[in-house]
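Protein sequences appear in the order of chains A and B.
For the first sequence, the residue numbers in this note's numbering are 8 to 212.
For the second sequence, the residue numbers in this note's numbering are 1478 to 1671.
Simulated from the structure, these hints should not be mistaken for lab results.
Bear in mind the structure is a predicted one, so any value in this text is a computation, not a measurement.
All C-beta atoms in this analysis are idealised placements derived from N, C-alpha and C, irrespective of residue type, glycine included.
Hints are not guaranteed to be accurate.
Straight-line alpha carbon distances no greater than 30 Å define the calculated BS3-like cross-link-like pairs of lysine-lysine that follow [what the hints assert, rightly or not]: (1) A:108 to B:1583; (2) A:195 to B:1583; (3) B:1560 to B:1615.
Cβ-Cβ distance ranges computed for the label pairs, FRET-style [said to hold, decoys possible]: (4) B:1622 to A:77: 54 to 60 Å; (5) B:1528 to A:200: 41 to 47 Å; (6) A:111 to B:1652: 27 to 33 Å; (7) A:57 to B:1652: 37 to 43 Å.
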Amino acid sequence: MHKILFLLFFISISAIAQKEMTPTEAVALKTKVKTRAEAISTVMSEFTQYKHLDFLSDDIVSQGKLAFKVPNLVKWEYTEPFAYSVLFKNETLFINDDGNKSNMDVGSNKIFKQLNQLITASIRGDMFDDNEFNIKYFKINDSSLVYFLPKDEQFSKFIKAFHLTFNANGDVIEVKMIEPSDDYTHIKFTDRVVNKTLSDAVFTE
Amino acid sequence: MFLLIGCASYPVQNGFEPKSDSPKKTSNPYFSNARKDYVYKAKIDAFNRSFGGIFIVKKLGAEHHRIAFTTEIGNTIFDFTFKGDDFRVNRILKDLDRKVLINILKRDFKALTQEHSPVKKNFVLNTENILQTDILSKKHYFYYNDEQLNKIVRVDRNKEKVEFTFTNIDNQFAKQIEIAHHNFKLHIALKAFK
């Protein structure tokens, strides 16, 4: 009984906290994020990743750094608890797994191609494509939460939904990728630095 | 001479001495703690391709393990359940959904996680105690040194097919594990997160 009350309490709290946006508010958010994204040439950020699997006692935590440079150079670098980086460059995915290098032709793999586009777009906060996603908008206090549900059937078997949280400035501060099983990866960005000169050397394989 | 060795049983080829008194069951403690999440960084070399990921094992009850493999960013590649004699594929990427591959992984992970199995024969070699058992109808040899399991070998038609090695062992937790196939190119190296 206590558990039920507890649950009801939290459901009602979250109902108050998370409220669907009006169409006008949604348009305002899109405009703000797009304007901000257009002014971005580079992004550097730290991130902490929480992999949630329902059957585990704790989330699996890893940390790293992200670098982005227009138009589409992206480097994810995990530093803890292992060394691993992925670089998206010229339609190719370059992997450095603790010194072991390999690459993959992204162009030939639709899933990776879409994943790359989504990562690029989500870093820039510019993924409001109604052709690709069913989009739902919510507000939580000063920040915004947007659900992106992939329309592509093949892709939705891989990732059911992306939930992006934007702060009041329109920057992406959290990304949650939800799998069809409802297990998810939750990435939180911190120490985000925008438009600082980033040399191409950061993006060498 | 070579023919004779070729036909000789695996224990004879390796100079094992039979031993009379033996424990009734093998013991593998490395995935036996239900309170622990076993999380490893994995490197898989398969058929001239190399890829990494996160390998996860969770004991959910007696003879009940869940085994999952995800990419570094967290997308699930496969997710299996072993419960008693049952095996279930909860999820596998479409590209990998091949019966042959699933059977290889099933055999490997069953041997990797099975805590106890009836002992058929017992041998000694120098300081090592070796227990022979059957897992999924294949002969397996469990190598113990000072009662610590450090190797499992799957043998088929007297030939070593797969070798599981456990190293960097800390209080019943194997921080490094390798699974090496000898008859085709598949090698899995696991390194514990912490």
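Hint check results:
1. A:108 to B:1583: The given pair, whose Cα atoms are some 29 Å apart, holds under the 30 Å limit.
2. A:195 to B:1583: Distance of about 35 Å is beyond 30 Å: violated.
3. B:1560 to B:1615: holds (19 Å)
4. B:1622 to A:77: 54 to 60 Å: holds (58 Å)
5. B:1528 to A:200: 41 to 47 Å: Cβ of residue 1528 (chain B) to Cβ of residue 200 (chain A): about 31 Å, so the range 41 to 47 Å is violated.
6. A:111 to B:1652: 27 to 33 Å: holds (29 Å)
7. A:57 to B:1652: 37 to 43 Å: violated (23 Å)
Hints 2, 5 and 7, counting from the list given before, are not met by this structure.
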